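Take these sequences, add in the hints, and give me the full structure.
Single-letter residue listing:
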Amino acid sequence: MLRDNISKQDEGGGVTTSEILSVAETGGGTGVPLLEVDNLQVEFKTRDGVAKAVNGVSYSVSAGETLAVLGESGSGKSVTAQAIMGILDSPPGRVAGGEVRFHGKDILKMSDEERRKLRGDKMAMIFQDALSSLNPVYSVGDQLGEMFRVHRGMSKKDAKVKAIELMDRVKIPAAKARVGDYPHQFSGGMRQRIMIAMALALEPDLIIADEPTTALDVTVQAQVMDLLAELQREMNMGLILITHDLGVVADVADKIAVMYAGRIVETAPVHEIYKRPSHPYTRGLLDSIPRLDQKGQELYAIKGLPPNLLRIPAGCAFSPRCPKAQDICRTEIPVLHPVTEQDGTELPGRGSACHFWKDQIHG
Amino acid sequence: MGRYVARRLGQMVIVLIGATMVLFACLFVLPGDPVGSIAGSDKARDPAVVAELKARYGLDKSLPEQYVNYVSKVATGDLGEDFIQRREVSEILGPKLANTAKLALLAITLVTVFGMGVGIIAALYRYSILDMATTFFTTMAVGFPTFVIGMLLMKWFAVELQWFPQLGGDKLEGMVLPAVTLAITDIAFVARLTRGTMLEVLRADYVKTAVAKGLPRRRVLFKHVLRNSSIPVVTYLGISFGALLGGALITEAIFNWDGVGLALVQAIQQQNNPIVIGVVTYSVAIFVVLSLIVDLLYAALDPRIRLS
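Residue numbers (my numbering), protein chains in the order written: chain A, 24 to 386; chain B, 785 to 1092.
FYI, nobody ran anything at the bench for these hints, they're computed from the structure.
Since the model is a prediction, treat every value here as computed from it, not as a measurement.
Each residue gets a CB set at the ideal place from its N, CA and C atoms; glycine is no exception.
Incorrect hints may appear among the rest.
Cβ-to-Cβ under 7 Å is the rule here; a few derived chain A residues that face chain B [what the hints assert, rightly or not]:
{"id": "1", "residue": "Ile110"}
{"id": "2", "residue": "Ser156"}
{"id": "3", "residue": "Val160"}
Structure (structure tokens):
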């Protein structure tokens, strides 16, 4: 598709032709990306104090585009997604600030009922563990058909026909015979296909996939990921792919946001981040990937643990684990600097929240 | 499913045989002489009468013979003749069973409605005043012995306020106090059980999925949460109903309710063994049948059991 190609070339660089095109198609018509998260903050009240899970995250996704959000557990990547969907466990969680604009409108200001109607219909989510994410006591056909019954007011009979169509679409063999089966009767890969089918049922504009392949066998991971990417292309949806697996990202993502302790520490188009990371944390993640040419050597690991969100270190949250930390890193929180070439040429879409990003990328 | 039912039925027979054997043995180990209680005190009675009575009730035979005799009769629904009124045990117990069943039905309805209702509300408004009040009162209710609850209810609502009659009768008003007495402890148990399982299910991933699907809150709760959290509660309710149908010794005695519980107490005092055996056999049978029904319900609610 022509539009896909364009959008892949110039994402992140403000309002572009591709964005106007894609927005026009999704019906926004205001020339803005499909989803813009702007300085989002999420807190969790705990017995020991307030945990700041998300501290000013900003990112955007356009139609047909895939943003990969990378980070360890506790980095705030899933919490950001849940805040966008409006499914935070609340209490104890709450959005403390920022905006989430969907088709240009701040959905955080909408009523509960307006947001409910968006969920599942215009934006949908795929979870990590399909076995625990599907209700064990209802058939998959019932759970798929529920999307049509609730959002489209279809009859049980029509919804069942739709459920079979969906199962066919995500390539589940013998869909018609299996529509009445229960989640535990399917294999892990098939269950995740059902989760995907459920999320795509109403052809939403935005899909958030939270570690969709983590719980699967390696052989099945690629199949499921390919299916998701294929359907995304077909329906021209925006996709936010939350993962900690750099291998998955390389194949399907257009751009990457790396998160650490509730902040974005680096953003970049996908092919660039592997070549030239501009943040020591990203460097550490890349070095942690096992490589065939280093067989027999000890695997690299970033020293230390992610910080406790109740007591995030002063300055750069990564500084206690950073091999290159200086005094300034322990006192001053680095902003997301735009990253440029040595001669000052702009690198569109690139940013680094490191005081010493120049040393990291050019050093 | 068919094989599952067959296996459970087989187990049921074994439990019944075991229970009746234990009961039979117990009755003969106990001190006392049933013939004595019919024929009068030791000194005055005629040996010929004693021998005749023993022959009449089969008490001259050995213990295993008596057991076989009893089991083969029970299998055809014949519980024998009682020692005192010389009437068929089943005939004596029939109306008493009906009385107990009425009370049990009202009690279990109260338990289901209030126990589950209070539990659901407490779970949905966790840590609210309502929830804390529930925890407080359910702890109290579980801690109080039945006879205290029964007497207090009678004192407050029958003697002082005079809202209900002191002793049971055929009318609904007469059933209220004994049924509430029976139900209170179970309401507390069921409320706490429902609250606990609800809170567990509310945290489940599939509930998050249901919310992410954009389902209205009511549908999330009543379809996705309630069915899953009702599984352990149904088990408890079934067992509880079985126990209630078996007769309530204390409550029936307090309110002079003419049910199997009261009949059992009297029969034990009078050493009227056929009645004792009849009541206990019936209680065991009811209990076993209800366990079977619970298991079937369980399978109906949870496909993972039905289909494995």
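- For this structure, which hints from the list above don't hold up? Those not satisfied: there are none.
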